[in-house]
Amino acid sequence: MMGKKSKPDPSKTDTLIGEGSVFEGKITSHASIRLEGEIIGDIECEGDVTIGEKGSAHSNITARNVFLAGTITGNVTAKGKLLIKESGVLHGDLQAQELAVEPGGVFRGTSRMEVKESAAPAPLSAISV
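Remember, the numbering used here sits 7 above the position in the sequence shown when you count from 1.
One thing to keep in mind: the hints can contain errors.
Pair by pair, the computed Cβ-Cβ distance ranges are [stated by the list, open to error]:
#1 G27 <-> M120: 20 to 30 Å
#2 E60 <-> G116: 16 to 26 Å
#3 H65 <-> L23: 12 to 22 Å
#4 V122 <-> G25: 11 to 21 Å
#5 S118 <-> S94: 15 to 25 Å
#6 R119 <-> G25: 13 to 23 Å
#7 G48 <-> R71: 12 to 22 Å
#8 G25 <-> S94: 13 to 23 Å
Below, computed lysine-lysine pairings styled on DSS-like, alpha-carbon distance capped at 25 Å [to be verified]:
#9 K88 <-> K33
#10 K88 <-> K61
#11 K61 <-> K92
#12 K86 <-> K33
#13 K61 <-> K33
The set of hints was computed from the structure by calculation and includes no laboratory data.
It should be emphasised that the depicted structure is a prediction, and the values quoted were computed from it without experimental measurement.
The beta carbon of each residue, even a glycine, is placed where N, CA and C say it ideally should be.
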């Protein structure tokens with residue numbers, strides 16, 4: 008019986024590339040992705056991208072949030088947060104609203120932080136001391 012397809016929920020992991028697997032090519036996903044294996048190719052994701060400790064991505068990644076415990080070689084654009092865990096390594100440039108690097112985490116590249124308009128500081132003339 009064919010029913011109406013519902014749009015994937017970006018908060019749920021829909022795609023898993025398991026340990027020992029190698030994927031070559033571009034991935035576009037409406038839901039979240041978890042990588043425990045290896046990908047060679049770009050990732051465009053409306054949800055979150057999680058790279059596990061044994062995961063590696065030779066990719067440019069665009070996602071809502073990126074959680075890195077493995078290795079990324081490529082540029083990362085996170086609409087929200089990029090978290091580099093203690094075992095995580097990023098070799099590439101990043102653009103995000105938030106960046107957190109745990110002790111032991113490695114980031115080699117340049118960063119550009121996007122500021123939410125509501126979080127912009129008030130003009131100096133409006134500040135009272």
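### Message
Next pair to validate is K61 with K33; report whether the Cα-Cα distance is within 25 Å.
### Response
Satisfied, since the Cα-Cα distance of roughly 20 Å is no more than 25 Å.
### Task
Take a look at whether the Cβ-Cβ distance between S118 and S94 falls inside 15 to 25 Å.
At roughly 20 Å between Cβ atoms, S94 and S118 fall inside 15 to 25 Å, so the hint holds.
### Message
Hinted pair, alpha-carbon criterion (25 Å max): K86, K33. Please report holds or violated.
### Response
holds (19 Å)
### Query
Does the Cβ-Cβ separation between G48 and R71 fall within 12 to 22 Å?
holds (19 Å)
### Query
H65 and L23, beta-carbon distance inside 12 to 22 Å?
holds (18 Å)
### Task
For G25 and S94, compare the CB-CB distance with the range 13 to 23 Å and indicate the outcome.
holds (18 Å)
### Proposed proximity, K61 with K88 (alpha carbon, max 25 Å)
OK: K88 and K61 at ~21 Å, within 25 Å.
### Query
Does K33 lie within 25 Å of K88 when you go C-alpha to C-alpha?
holds (22 Å)
### Message
Quick check: does the Cβ-Cβ distance between V122 and G25 fall within 11 to 21 Å?
### Response
Given about 37 Å between the Cβ atoms, the range is violated.
### Task
Just tell me: holds or violated, for the beta carbon distance of G27 and M120 against 20 to 30 Å?
violated (36 Å)
### Holds or violated: K61 to K92, with C-alpha atoms at most 25 Å apart
holds (13 Å)
### Query
So the hint says 16 to 26 Å: do the beta-carbon atoms of E60 and G116 match that?
holds (20 Å)
Hints 1, 4 and 6, counting from the list given before, are not met by this structure.
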